[in-house]
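One letter stands for each residue in the lines below.
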Amino acid sequence: MEQGEFFGLLGPNGAGKTSLINVIAGLVRADAGAASVLGADVVADYRRARRLLGVVPQELVFDPFFTVHETLRLQSGYFGIAGNDAWIDEVMHHLDLTGKADANMRSLSGGMKRRVLVAQALVHKPPVIVLDEPTAGVDVELRQGLWQFVRRLNRDGHTIVLTTHYLEEAEQHCSRIAMLKAGRVVALDTTRNLLAALSGLELVVRQTDGELSRIKLKDYGELEAALSRLRQAGVQIHEIELHPPDLEDVFLRLTGKPS
Amino acid sequence: MTGFWTLFCKEVLRFWKVSVQTVAAPVLTSLLYLVIFAQALEGRVEVYEGVRYTSFLVPGLVMMSVLQNAFANSSSSLVQSKITGNIVFVLLAPISYLELFWAYVLAAVVRGLVVAAGMLAVAVWFVELRVAAPLWLAAFCLLGAALAGALGLVAGVCSEKIDQLAAFQNFVIMPLTFLSGVFYSIHSLPGVWQAVSHANPFFYMVDGFRYGFFGASDFPPAASLAVVAGSLLVISFVSLWLLKSGYRLRH
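Residue numbers (our numbering), protein chains in the order written: chain A, 74 to 332; chain B, 12 to 262.
Note that these hints are calculated values from the structure, not bench results.
Values in this document were obtained by computation on a predicted structure and should not be read as measured data.
Everything hinted at is true.
Calculated cross-link-like contacts (lysine-lysine; reagent style BS3-like; alpha-carbon spacing at most 30 Å):
no. : chain 1 : residue 1 : chain 2 : residue 2
1   : B       : LYS172    : B       : LYS255
2   : B       : LYS93     : A       : LYS198
3   : A       : LYS254    : A       : LYS289
4   : A       : LYS254    : A       : LYS291
5   : A       : LYS198    : B       : LYS255
6   : A       : LYS186    : B       : LYS172
7   : A       : LYS186    : A       : LYS198
8   : A       : LYS198    : A       : LYS173
9   : B       : LYS93     : A       : LYS186
10  : B       : LYS255    : B       : LYS93
11  : B       : LYS93     : A       : LYS254
12  : B       : LYS28     : A       : LYS173
13  : B       : LYS93     : B       : LYS172
14  : B       : LYS172    : B       : LYS28
15  : A       : LYS186    : A       : LYS173
16  : A       : LYS173    : B       : LYS93
17  : B       : LYS28     : A       : LYS186
18  : B       : LYS28     : B       : LYS93
Isolated chain B (complex conformation) (with noise of 0.2 Å):
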């Protein structure tokens, strides 16, 4: 057993807890978009051939739950525990940065899957889905759950107070999720909108997560995989850096 191990297993443990907040309510208000958008848009928009809009929907709704999720596990772990001061506990141990740095990230990628997961699991029963590239698809969910987890990282060390990281969730992450093309093509936006979802790193994500569903994508899935590694590599380099100069932590 190492320090990582366990710190990993108490973030895992942490969410679990309390798992009808942190797993079955955002599974339950994925499905709500997923039942008000369908009803709305079905029959109206068809985004890739032979693709009926709820099942284009759908992946786009599983990464957007798992980049929020995940960026809230690692983030309002971290905030609590600075406000709470049990962050002590972690912080007298002899953990280093990377180790700390990881456990953060993989249980908050662990509760990115098991939303998805529990998403996938009810929407299987009502809506059409095949998966043409699971690799693919792993990869995407995988990377994206680590960026989002490794963002919360950045948010929760630099926050102090709980309405300084809602104000990155409202302000950064809500945006930029609800802009990555979850609900639509982004070739159906005007020519300047397409140009602004191009700088969001969460396009590619939602973008090479629906190719794993459907061989089909706005963008090609290599080059947006090489987007997101890349974006994955710039935020945990500033993690890592903020955990380990100790900035608002070992203050």
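This is chain A alone, in the form it adopts within the complex (with noise of 0.2 Å):
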């Protein structure tokens, strides 16, 4: 991964992406290989590495002894940062999370926990930010929030790694994307290319009869051509779909499994 990329991790379930993230963070010893973050190893130089890395984890923890601001200062402290309130209300502001200061975390609705977990990864500004699937759960109004948060901290210059299963969002945010399937890297290219590399559309025809036909195209100059053919054959259009290739197609072909 590279320094100030929005890289993705994509894969199906038990394909590796969180081991993969635990090494990286250190909460996993890797058998074998090594891991480091902006050139610290995450073993050898594990208080560095740490430092530069804010993990949002994908399980919605939290600590129900303390409010959402003693959640923050403490995760300030653990980093030794003391003196750290004017970030703090500056993330908790960015992340609708003032008004809840001062409530326990217990009392938050899930969307509000997985909030303050972002705001947790964020107290010491690390440089860079893995999000181990962020919007699991989560309802539409917090995701288009978060997304906008994370972008802005991506152009300020944060290199981010984003996990997900939603294939929707690895296109729309990240600039490259790599994909695992049981542990190994099946692909691994910008997305563009990706896309790309999926050369081709699928004509979608309803006829009025209800029949369902699906033709391939290899561009959009074969387009005409493909509906004069529809309408030299007589067919009666009801409804025409025009799809373009995502990566949904290269996800599928690539892990091998029907849609």
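Dock chain to chain to rebuild the complex, using the hints, since each chain is given by itself in its own frame.
Below, the structure written as structure tokens:
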């Protein structure tokens, strides 16, 4: 993964996305190999590696003994940062948490807890931010707000690593994508190249009698010819759709799972 | 501010926020022991000359509470964090295994001391107590609490469920504390049981702690302190080794 990029890690359940994140975060010791964060080895130079990294865990974890503000102050302290209130307030503001600052963690909704997790990952201003399925079980409104904030962080120079099940999310936000399957990288390229590799469009035609046909096209130039062939064949078109390639196709092709 | 200091403060805050359960409840339990045993045995047992049974009992009960509460603090905090998953916040931070060890052990010591202070504050109103050797008293209290705290860390690291921890508590900690001479002098026991008691490190803590109050004990205090300090070293070593290896924490 390169500095400053918005990197996507995709793969089906059990592909090893979270395991990889856990190795980078030092939560799991790798059986073999080495990982480093901006040059800091996650085992030998763990203090520097962890300071450079902010991780938003997949599970909605929280400490029921503390309020939102206390949680964030403690997290700052774990990183050896005192007097971090200005930045904590700013992060809370961006994540719409200010109103809940003194609420106990236990009393928050799932979406709110997720925001606190994001805030916790940011208290020490890490240059690299890892989001492990950040939008699982999160409502649309928060999802939008979260992406806006994350994209801003990326524009400000933070490296973002995202793991997700939602292909649209990766397609929309990530500049480069790695696809994992059973612990192996099966594809690693820019989002654009991955999509381009899947040249061709699909034309879906529903006839007035309900019959559905799918026609493969190499590019938009073939559309006209395909339509005239349909007209010549006397097909009565009821509905017509044109599907550009999407990551789902790449994903399914590479991971070999039928849809 | 360092990671260690924050983690220590968090551990202290954690029990302080639920002090009714973590401080008041054990103080009350110990006082109930005191009332019941004193009622049953006062006047029938005299262990040291001129020391009433009730007075003899108080240091033992205080030490027992210190040990049980120090153990409970580090072990249950760690197991709860592991079960709920929020241990991840500590594991993601640049905190070394040594810092983690000291933060949990010292917070356990603080809980032990707070419970001890609470008990003594109530007991002095109706039990005659004097302090013959305050330094011995402090040394046994601190080392005993640290030992129990370190033992709690070991139990906390090894347990993955509450019932595993409860088993450790019920089958190791409870027998060790109850059979440590809290309620009696081991000289009143038959020979075999005296020997068994001498194999129990908790006995030396209770005995030495009692020396701090009365200037009299079953075993020389310096030798007891050596046993306690040695046990603390061994348990700390085991605990640090587990933490360093990442066993059941960074698995």
